[in-house]
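Asks: Okay, here's what each chain looks like letter by letter:
4 protein chains.
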Amino acid sequence: MAVTGVLRPGFVQIRVMDLKEAIVHYRDNLGLEMVSKDGEFAFLRAYDEFDRHSVVLRQAEEPGLDVLGFKVISDAALADFVKRLNEMGVKTDDIAAGDHPGAGRRVRFSVPTGQVIDLYTEMELSDNGPMTKNPDVWREEPRGMRITRFDHCAVLGVNIAASAEIFEKALDFVVTERAIDPDGNPVAIFLTCSNKAHDIAFLAGPADAKLHHASFLVESWNDVGHACDLIAQRNISLDIGPTRHGITRGQTVYFFDPSGNRNECFAGGYQHYPDNPIREWTVDQMGKAIFYYEKEVHDRFTSVMT
Amino acid sequence: MAVTGVLRPGFVQIRVMDLKEAIVHYRDNLGLEMVSKDGEFAFLRAYDEFDRHSVVLRQAEEPGLDVLGFKVISDAALADFVKRLNEMGVKTDDIAAGDHPGAGRRVRFSVPTGQVIDLYTEMELSDNGPMTKNPDVWREEPRGMRITRFDHCAVLGVNIAASAEIFEKALDFVVTERAIDPDGNPVAIFLTCSNKAHDIAFLAGPADAKLHHASFLVESWNDVGHACDLIAQRNISLDIGPTRHGITRGQTVYFFDPSGNRNECFAGGYQHYPDNPIREWTVDQMGKAIFYYEKEVHDRFTSVMT
Amino acid sequence: MAVTGVLRPGFVQIRVMDLKEAIVHYRDNLGLEMVSKDGEFAFLRAYDEFDRHSVVLRQAEEPGLDVLGFKVISDAALADFVKRLNEMGVKTDDIAAGDHPGAGRRVRFSVPTGQVIDLYTEMELSDNGPMTKNPDVWREEPRGMRITRFDHCAVLGVNIAASAEIFEKALDFVVTERAIDPDGNPVAIFLTCSNKAHDIAFLAGPADAKLHHASFLVESWNDVGHACDLIAQRNISLDIGPTRHGITRGQTVYFFDPSGNRNECFAGGYQHYPDNPIREWTVDQMGKAIFYYEKEVHDRFTSVMT
Amino acid sequence: MAVTGVLRPGFVQIRVMDLKEAIVHYRDNLGLEMVSKDGEFAFLRAYDEFDRHSVVLRQAEEPGLDVLGFKVISDAALADFVKRLNEMGVKTDDIAAGDHPGAGRRVRFSVPTGQVIDLYTEMELSDNGPMTKNPDVWREEPRGMRITRFDHCAVLGVNIAASAEIFEKALDFVVTERAIDPDGNPVAIFLTCSNKAHDIAFLAGPADAKLHHASFLVESWNDVGHACDLIAQRNISLDIGPTRHGITRGQTVYFFDPSGNRNECFAGGYQHYPDNPIREWTVDQMGKAIFYYEKEVHDRFTSVMT
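Chains as they are written, first to last, in the UniProt record's numbering: chain A, 1 to 306; chain B, 1 to 306; chain C, 1 to 306; chain D, 1 to 306.
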């Protein structure tokens, strides 16, 4: 395969303080499909995803990111990644198959910025996923924000260079964009395992183990606008948008789930290839880098994290 | 790298019967940048491509496809592909570096359906490509059809299964969609080497070595509509569109260059991953497969090729 | 008021052969709101309309247009229109208030091409219409084809010049566009009573009292595309589209209701002012006039009418 | 005519401090056509307007609004307006034909909030206006922000009720939306003379004779986004956007010309009819009224005026 190794961010497990309220948000506002509910867990899926679920909500005392899961193309590739992680001194643990419904064995590790990452190769296909025999564009008209898929997370921590290095060296991710301070230290690193402009982003922050946002793909700038209409009409807590990123060129809107976890709906962004030059930003241009139109970043965007 | 092996369709070399007229079409209608002209050759590039050129026009007696070039990630990968091609009985030839301005060595072979394919690893970067230091979304406002990149070709021939097999077995392409006749014979095979829904398509046809269309990416359905406005206002020869494909879900318009080569502007299409099921079409649904809205294919689309 | 006299096409009454099936189409496919059902009549409304209803479906043996209703700004204006109609020899009848639920008195007349036209000044406001106190963009996310309003009808008949003359001379409509055959006879006349490119269209046809289509407004080219997706996915009978008109410049898709009445979803079109020149088309350019992209008209479009 | 009396805002005359620089902005950024230059005056026109010019720039010491011109349907209507203005105690002056190139006689008056208003019935047609014989959608691909027309102005002053009353009582404008403070005083009044959601807006402000913004129409939300891309890439001074208004529902971006005059590009907004209820806003909801997404207004928007 020309796309190999890590395929994509396959699921995100988010802590929410009121599971019922969170289900309403992710199902009715984002427009995800409710797949199953199991005690303190809820499992959801976007209409254009084949796998059983991509969003896991867990009832908890505090919001935040439990786990970010990446699907790997094969057990052989997974074994190789484990070997390389261990060789880099990254300890891995096994999560048994069935820990999540429909999901196979997962290999778990933590990055220096404190986030928990799972690698896995198996998840049941949804029986309501995209059609494959003489398929229609969708089974039913998309609703809510018309999310097509869970796309990526941006996470925060102190030593983002060390976390990014693990994704680069052990997992074959490629840096697409990077922002550097005058001393040469990275303040933001965007990495991809595909043709997407980013599959994970590390942002320098004051504390580790933090989630900046979980991001969901929509089809177009038009659907970003529609998401904004819904956010306004339903009094969802807006962070910023509609706007465009300098980094990735994605068209975007940020808002909060009822527990305060930041969500993003975004569209566009360029196609990346590993022979493309890295795009580099200087900190004096971080406003433009983050919000291409406004050219400045508001405090909430840099200070609110879960 | 998680994207490895063959990166993408890197250039297409098209035969045109009046080079001057063809340059006007590809530069002013499609909105490509004219890079250089060298005797019977012209080299052009879309604004969002890093490499020096992606479209080569050659003055010739007849229209058609000279060569479809695929960029490979490394010399090691290229050597491996050559070995595997040769092992499959596919003869390869070397084209020396510099045969095209700014281009490295190319390895050339032909597929059973008669098309000539080049593999290569090196091409100079354009000095007018996408910005990489605190980049803007583009250097100058896109014009014409606002093409962002050369995307793929669809080619015709008799034994498309044999051609597709070479891309699968020797070059690690993955079949994304396939249309099958009642006897189980493929009438259309779509393959990708990336997250795109297709990087090359083989269509069953009565003659070999034929081009169905060269396809160019635009950002959105809105830009497909704008391309149609230009086609109408400038009296460019329309084939069909705006419409949507069932296969790939791309939004599309087809038209002809002044020599009769079919061009496509398209947007959208899903992101493909190698763990996704193949989408399969039956020939009784080929109308829907090809033109999702019309659900039927007009004669010109199946009979005109170059 | 600067907009005075006839305000707009206020309702259309369409004959359908299966009321239940028709309700499903207009409510779920077009996305209209079901207002009330009363025997052989059903009343519906688009989400962005203030008046109680704008679409009336009547169970009948044959499809077609029962009545096209125009709302008039005041009783004084209505009385003046009646006087002028009568002076032109056009007989008017009164329909008592309450004949339609929530509707006031209507004045009815027929045009030489056989269509029945109602003029009226009063209709109850919907209690679910657009918000007026600190309003949101809509009360609920639009669904189906996301129709914002009933927009206009195009009707067919022999002596379209005579029908258009009544709208011009008695009702103060203005001709915006006109297509003329080599003998100077009109083959299509588009008239407006507002800033819209058309509020009614007369098309020359072999028979009188015919409906070509009832047209519904959507917000954008994007929503025209969405309507096409729905048409394809739900196997609604497509006529043609997505495409653009030369006349009015509207972006459009045509399809049929279950009884064979042609519907249109359209977006865009210019703003018209009475000091603008008339736009004129010659019959050799009727292809471009009707379908700006295709530049030709298919038989079904000119031969199928109800 | 059903659209009668005042037709539309026909031209705006704006003071600029560097005419050359201003021409570059309005011509290349907004994408207007340069019509003529005459000493301290420059005349421009949007591609979809029939009249000779709609934007007049005047070299001056200070930025701001010189005159807002409204085209009237007939001399009889103009004479009636003058009579009614004078009866209301509004003094009118005559500007002779030819004072602006290609323009007829204008009647000038001032409103209590200090703005100068011209009424006129005659202006030469542009020889490069929209085509009228078998017309294309445009003569040449729109460029820059792809402005289709000058649309309206919002102006500031102390006694906006008095100014609005003149437009209502003497000129037959209709109030479409209104924001009221707890004492019942209007803080914003939007009026239309057409089917547009507004043709002029009065905003309560601390000083008279002020311009809040001159607004230009674009086709779609997509073109609002494109305008934002241009604003960012060309370092045009952004005020706010892309966003949506609660009032009018228009999709919008605000920015400044080189002299500090605020410009708006906007799309959408509902169609208004004089039988529609007035939409009313309370001051506690002014954030939502003005910026539907952000639900708050930044200081610059309320304090910067010219």
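These are computed hints drawn from the structure, not numbers from a lab. A couple of the hints might just be wrong.
Identical chains share a label here; the pair holds if one copy fits it or two copies do between them.
[Stated by the list, open to error] For lysine to aspartate or glutamate, the following EDC-like pairs were computed, each having C-alpha atoms within a straight-line distance of at most 16 Å:
(1) 210 with 183
(2) 133 with 280
(3) 37 with 181
(4) 295 with 136
(5) 37 with 183
A quick note: this is a predicted structure, and the numbers were derived from the prediction, not measured.
Asks: Hint by hint, say whether it matches the structure.
Replies: Results of checking the hints against the structure:
1. Taking CA atoms no more than 16 Å apart as the test, residue 210 paired with residue 183 passes in neither setting, with 24 Å inside one copy and 48 Å between copies.
2. Proximity of residue 133 and residue 280 under a CA criterion of 16 Å is satisfied inter-copy only: 5 Å between copies versus 44 Å inside one chain copy.
3. For the identical chains of this complex, residue 37 and residue 181 are neighbours neither inside a copy (45 Å) nor across copies (43 Å), given an alpha-carbon limit of 16 Å.
4. Taking the shortest Cα distances, residue 295 and residue 136 sit within 16 Å of each other only across copies (12 Å), while inside one copy they are farther apart (41 Å).
5. Taking the shortest alpha-carbon separations for residue 37 and residue 183, neither the intra-copy value of 48 Å nor the inter-copy value of 45 Å comes in at or below 16 Å.
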